[in-house]
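Just need the whole structure built from these sequences, with the hints factored in.
Line by line, the protein sequences give chains R and V. Sequential numbering of the first sequence, starting at 1, is according to the numbering used here. Sequential numbering of the second sequence, starting at 1001, is according to the numbering used here.
Please note that a few of the clues may not be correct.
[As the list claims (entries may be wrong)] Keeping only pairs whose Cα atoms sit at most 25 Å apart, straight-line, the calculated DSS-like set for lysine-lysine is: (1) R:Lys478 with V:Lys1081; (2) V:Lys1035 with R:Lys478; (3) R:Lys312 with R:Lys264; (4) R:Lys312 with R:Lys248; (5) V:Lys1081 with R:Lys97.
Think of the hints as simulated: they come from the structure by calculation, not from any bench. Only a predicted model underlies this, so the values are computations on that prediction, with no experimental measurement involved.
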Amino acid sequence: MYRYDEFDVAFVSDRVAQFSDQVRRRIAGELTEEQFRPLRLMNGLYLQLHAYMLRIAIPYGTLSSRQLRMLAHIARTYDRGYGHFTTRQNIQFNWPKLRDVPAILSDLASVEMHAIQTSGNCIRNVTTDQFAGAAADEIIDPRPVGEIIRQWSSLHPEFSFLPRKFKIALTGALRDRAGVKFHDIGLMAQTNGAGEVGWAVYVGGGLGRTPMVGKLINGYVPHEHLLAYLEAILRVYNRYGRRDNKFKARIKILVHEEGLENIKAQVEEEFAAMRGGVLTLPQTELDRISAYFAPPPFADHDGARLDIAREKILDPAYGRFLENNTFTHARPGYVSLTVSLKPVGGAPGDATAEQMEAMADIAERYSFNEIRVSHEQNLVLPHVAIADLRAVYDGLVEAGLASGNAGEITDMITCPGLDYCALANARSIPIAQGIARRFAAPERQREIGPLKIKISGCINACGHHHAGHIGILGVEKKGTELYQITIGGDATENASVGKIMGPGFEAEAVPEAIEKLVDAYLAHRTSPEEPFIAAYRRLGDAPFKEALYGNG
Amino acid sequence: MQILTANELLSGATVYLDPQGRWVEELQRARVFSKDEAEALDAALAAAGATGRLLSLETEIVTVEDGIIHPVRLRERIRAKGPTAPRFPRQHLDEDGHVSL
Chain R
1 MYRYDEFDVA
11 FVSDRVAQFS
21 DQVRRRIAGE
31 LTEEQFRPLR
41 LMNGLYLQLH
51 AYMLRIAIPY
61 GTLSSRQLRM
71 LAHIARTYDR
81 GYGHFTTRQN
91 IQFNWPKLRD
101 VPAILSDLAS
111 VEMHAIQTSG
121 NCIRNVTTDQ
131 FAGAAADEII
141 DPRPVGEIIR
151 QWSSLHPEFS
161 FLPRKFKIAL
171 TGALRDRAGV
181 KFHDIGLMAQ
191 TNGAGEVGWA
201 VYVGGGLGRT
211 PMVGKLINGY
221 VPHEHLLAYL
231 EAILRVYNRY
241 GRRDNKFKAR
251 IKILVHEEGL
261 ENIKAQVEEE
271 FAAMRGGVLT
281 LPQTELDRIS
291 AYFAPPPFAD
301 HDGARLDIAR
311 EKILDPAYGR
321 FLENNTFTHA
331 RPGYVSLTVS
341 LKPVGGAPGD
351 ATAEQMEAMA
361 DIAERYSFNE
371 IRVSHEQNLV
381 LPHVAIADLR
391 AVYDGLVEAG
401 LASGNAGEIT
411 DMITCPGLDY
421 CALANARSIP
431 IAQGIARRFA
441 APERQREIGP
451 LKIKISGCIN
461 ACGHHHAGHI
471 GILGVEKKGT
481 ELYQITIGGD
491 ATENASVGKI
501 MGPGFEAEAV
511 PEAIEKLVDA
521 YLAHRTSPEE
531 PFIAAYRRLG
541 DAPFKEALYG
551 NG
Chain V
1001 MQILTANELL
1011 SGATVYLDPQ
1021 GRWVEELQRA
1031 RVFSKDEAEA
1041 LDAALAAAGA
1051 TGRLLSLETE
1061 IVTVEDGIIH
1071 PVRLRERIRA
1081 KGPTAPRFPR
1091 QHLDEDGHVS
1101 L
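Next comes the structure, spelled out in structure tokens:
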């Protein structure tokens, strides 16, 4: 894993000292809230419905055991004993007191973490594939480039006051598990004719009020010029992005209104002026950063094989866990393991301090001290030997973390919604809980197969509802919560935006509505091998609309 | 009818203006401003802003039935009691439990 150098240490500790003084001055009455608000937001401190909320960056979703233990310590010491992992691979604490925040930031700095740029109109935490550096289908480990983007974008003087926030995601694999096409900039590793690896660059993707799939602006940018190319895009956006209307300020609107070709011409002009200049990334520097992400010292487990069919007979819960939660590793004898934070009846993405500590211990013993956070609000043990799977599973059972539902219908993305969020119009968590209870039976989930439900409590779409195979959007209508259902969204390399099916449903009717959609899918699929999204693409809206609203 | 609500500076806790000009945790102790008390409401808002200890000052529409205050918006009902799923108690005022106008 990356370790802070002296520049990282200095800028993080300087920021802790600076913000500590700002908090002191605010409490002493020397700063008004109007003056203080932008300062606290620059340090990830929001005010939500019930209390402050501190959002902490987890760059490219990678944590060490030591860092996760510190998050557990913060949860227990300064908060209410739990944290919430988000779709940005970050963690949020919902109950910090203002006076404690400097101490929290100081604790974070001691394990090379911070909350800088987790709010504001700047470049936010860079996100990536949760299986980075482990996946068998990977062309390149994206984390070194993710780290370089983190360094380039941290406190970037030109891009600290953009028209609006800016999110970058990258993936080094053929399959996109990071939703890169729904980011302001999405990067997908690409091989050129000479067999060299570079990046396909997508621009102008996003969710929220105006969902859009990112457009390919350059099919191949070599590593050495990537920062210059990103800087060129940001510069064009910073110059022409709309500042008159918050709802039209994201780069997706600029690209949409001006046209990709026009924006591309501007970007290429900037790029031509910068190419080969100070932002050129020397191979030696890329090598130096890459060394931090060298593969761990794997043992020779080449002969180990998973016999899921056998395990399912011996212990169905364990067999189900293996079937759903393991992911093929590049190294024979190892797997990556998704640790679901979606127990039936729980709040998606929440983990207690005790669970974080259990994960840290398990990772230390069985996954080379590494933990990942997925944008689907789960944790991942990236490198687990097949021979250790039973021991890991038993440890997870003890910690209440052994839900074997990864990728199934109860593995939902869910924003905090109106239970916490000051922007929300409707609750999300109880909707997820209602659906999870409805489909709790493992046999039912297995029958349905891979299905992604994503729930947002407002149009800002933190719950990625547009990208759900089934999306649920909470709105307020005449003082009550109402839920619109969309179908056909997809956050993979085949990205698409879901379509609204018709009038919304009251909260208690949502699980029934989902059941009708699922039953329609089961009735119409060509075989159990045709997943929901493929069936929808073949069938179109009609059978699903009919299931929800009848054929009248 | 309206009430005045805010979040307190140190704890971030939800608070309500009571008839004695104090900011308290309990919704049912909130001062209810009738339609013809607009001036008093404006004065209270201005005074609250001047304390520098209250964030997100808002007026909320309520109904009162049998002496019980009911915020019209669900958002406000959740703010008064804390998250619903899982149910967590609301945030409490910390050391600064006595903000007054």
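| query | Which of the listed hints are broken here? | reply | The structure conflicts with hints 3 and 4, although it agrees with all the remaining ones.
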